[in-house]
Amino acid sequence: MFVIMQRELAMYFRSLLVYGLGFFFLLMTGVTFFFVVNALQGQSSEYSVTQFFFQIPFLWFAQLIIMPLLTMRVFSEEYRLGTFEGLMTAPVTEWDAVLGKFLACLVVYAALLAPTVLYVPILRLILLDNTPLENGPVWAVYWIYLLWGTFYGAIGVFASAITRSQLLSFITSFAISCVFFFVGFVIYFEPPGWLRLLGHYISAYEHLDLAAQGLLSTQQPVFYLSVAVLFLLMAQQFILNRRGRS
Amino acid sequence: MCALMVEVRDLVKNYAGVKALRGLSFTVDRGEILGLLGPNGAGKSTTMRILTSYIPFTSGEVRVAGYCVIRDSLEVRRRIGYMPEQVPLYKEMRVEEFLTFRARLKGVRPRRVRARVEDAIALCHLGDVSRRIIGTLSKGFQQRVGLADAIVHQPELLILDEPTIGFDPAQARQFRETIRGLRSRHTIILSSHILSEVEAICSRVLIMRKGRIEASDTSENLKRLAASGSSLRLEVKAPVEELVQALRALPGVEDVEPQPMSEGWCSVTLLEQRGMDLAASVGELLISKRWPPRLLNRQQATLEDVFVEMTHEDRA
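For the record, the sequence lines run as chains B and Y.
Just so you know, the working numbering puts 98 at position 98 of the first sequence, and the rest follows in order with no gaps.
Just so you know, the working numbering puts 79 at position 79 of the second sequence, and the rest follows in order with no gaps.
Take these hints with a grain of salt, some might be off.
Chain Y residues, not near chain B, derived (Cβ > 12 Å throughout) [unchecked claim]: (1) T52; (2) P84; (3) D119; (4) G146; (5) F167; (6) R180; (7) E241; (8) Q245; (9) V253; (10) D255; (11) G275; (12) M276; (13) D277; (14) L285; (15) K289; (16) R290.
Short, incomplete list of chain B residues facing chain Y, as computed with Cβ under 8 Å [unchecked claim]: (17) R80; (18) T83; (19) G86; (20) M88; (21) A90; (22) P91; (23) V92.
Since the hints were made in silico from the structure, they are not lab data.
Cβ atoms here follow ideal geometry from the backbone N, Cα and C, with glycine treated the same way.
Please put together the full structure from these sequences, using the hints given.
Encoded structure:
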């Protein structure tokens, strides 16, 4: 599994995609950062700085695109180039292959996210002592981002395992991710009891909002990780079936 | 240690409505080189893919080194080196880097990886290109990288599907030499369309047709078994009609095919009935008739004749 992960990582950092994504992502966060700094100049707000910064749509929408882009090639490309046969005739299990590739995507995602941590000390320097910026909510937001990465990454790996077309893989994974993300907004339409409960449980945006206020619950990792495992298991099953049909 | 490297019994493989393999049974001893021959669609690649645990089968039993390819798939995969027809290479990687990755993936201990990679590079004559990116190499070199990949973990069984396809004759010859060099280390199963190649390398040949085994023996025995048997070719100065009549009258003659030549000479191909040797009686006939020969040559059946005979569509 780690051998597969290492190879995937080496390939990621050799491809233009990761650097392009890095540029795109830092541009988004940079623009967001600029707006936040501007908005905070001499104004008071009912929101905390963390809420202000991390809830700007640029930032969370980028999260929905990054993982489908990172994962679209993991299995699709192996199918297309025929290297899948080489991989699966080596002594590795389907689960090793799925997990190795998934973990590599997660590491790249974390690497893309890492530079944004620098905004925190910069923001603190600009704000001086006028507006409090506590560490807890910031780390809570990064925790939610990592859970998102796990969640959307697993969806992406699954989408890539079901087709040899990278484009189709991207569209499938982006569509599933969007459904999960936007279904959560149902809570703002005051639905009946059970739907409201479900909405609160899966609302990614609310999870982010609460984290930005420093509120975390065990519900969040349970939801994201269990669904991620489910998608990874489905990916494994698709790979097994694909071998059966070869 | 199991004496048999491969055991296949009553192997059946059905794809959606198509019977790819129909009750295949054969064994391969350790140290043997088995050649799989057969026209396209005979089931060679399917058999190989089943042996590598890559695809499941409908019914039957398949064991490699005593391990079932379904239940003990990982044990089987540890013991095989497989080179498919379309060599699967990560073309953006460098040769040495790719082989190192594959060695580690196949469970070679970290301390031995470097030595095994160097060994495979040397055996497959890849020394000059070991730092090159695979995608920039010629087809021949890429095939060699595929072979190096198959042998890098020193597997007990090598399965090579059309290993010389796309080679020019010089590359194919060098590749054959490489495979011959591997004979002492591995049991080898290879499929090929180049019959002379199979004849030169393999200790046993298995001819397949429509998912069944038509024949399995050494190439020498197969040639002996071939219905076309052997023939004599002679060039004689004699009247054509008379010569043909006299030859046809000899006991044991299957057919006579004359071809008149210049200055009264005539070339004749004489097909013998199975098990007959007519060289002596033909010689006696020519002496008694005072027809001077300038050529009397036995033509042995080639593996190609056997192949065509065994896999011919009209064959019952």
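Status of the hints after comparison with the structure:
1. Listed as a non-interface residue, T52/Y fails to keep its Cβ farther than 12 Å from every Cβ of chain B; the least gap is roughly 5 Å.
2. Separation of P84/Y from chain B is inadequate, the least Cβ-Cβ distance of about 6 Å not exceeding the 12 Å criterion.
3. Remark: the non-interface label on D119/Y is consistent with the geometry, its nearest Cβ contact in chain B lying 18 Å away (cut-off 12 Å).
4. With a least beta-carbon separation of about 9 Å from chain B, G146/Y fails to lie farther than 12 Å from that chain, contradicting its non-interface assignment.
5. A cut-off of 12 Å between C-beta atoms confirms that F167/Y is not in contact with chain B; the least separation is 19 Å.
6. Even its closest Cβ contact with chain B, about 24 Å, leaves R180/Y beyond 12 Å, as expected for a residue assigned away from the interface.
7. For E241/Y, the shortest C-beta to C-beta distance to chain B comes to about 61 Å, beyond the 12 Å cut-off, and the non-interface label holds.
8. Non-interface call for Q245/Y relative to chain B: holds, since the shortest CB-CB distance, roughly 60 Å, exceeds 12 Å.
9. Residue-level check passed: V253/Y sits 52 Å from the nearest beta carbon of chain B, beyond 12 Å.
10. Separation of D255/Y from chain B is adequate, the least Cβ-Cβ distance of about 47 Å exceeding the 12 Å criterion.
11. Consistency note on G275/Y: stated as away from chain B, and its beta-carbon is indeed over 12 Å from all of that chain's, at 45 Å minimum.
12. The claim that M276/Y lies off the interface holds: its Cβ sits roughly 49 Å from the closest Cβ of chain B, which is beyond the 12 Å cut-off.
13. Residue placement check: D277/Y keeps its beta carbon more than 12 Å from all beta carbons of chain B (closest about 49 Å).
14. With a cut of 12 Å on Cβ distances, L285/Y stays outside the contact zone with chain B, its closest approach being about 60 Å.
15. Under the 12 Å C-beta cut-off, the non-interface status given to K289/Y relative to chain B holds; the minimum distance is some 65 Å.
16. The Cβ of R290/Y sits about 68 Å from the closest Cβ of chain B, beyond the 12 Å cut-off, so the non-interface label holds.
17. Annotation: R80/B was flagged as interfacial toward chain Y, and the flag is violated, the nearest CB pair being 11 Å apart, outside 8 Å.
18. Contact between T83/B and chain Y, as hinted, is supported at the beta carbon level, the nearest pair being about 4 Å apart and thus within 8 Å.
19. A distance limit of 8 Å between C-beta atoms decides the matter here; for G86/B the minimum to chain Y is near 3 Å, and the interface restraint holds.
20. The criterion of a C-beta within 8 Å of any C-beta in chain Y is met by M88/B, whose closest approach is roughly 6 Å, and the hint holds.
21. Interface restraint check: A90/B against chain Y, minimum CB-CB distance 5 Å, threshold 8 Å, status holds.
22. At a threshold of 8 Å, the smallest CB-CB gap from P91/B to chain Y is about 4 Å, leaving the interface hint in force.
23. Given the 8 Å rule on beta carbons, the hint for V92/B holds: about 6 Å separates it from the nearest Cβ of chain Y.
Violation of the numbered hints given earlier is confined to hints 1, 2, 4 and 17; the remaining hints are satisfied by the structure.
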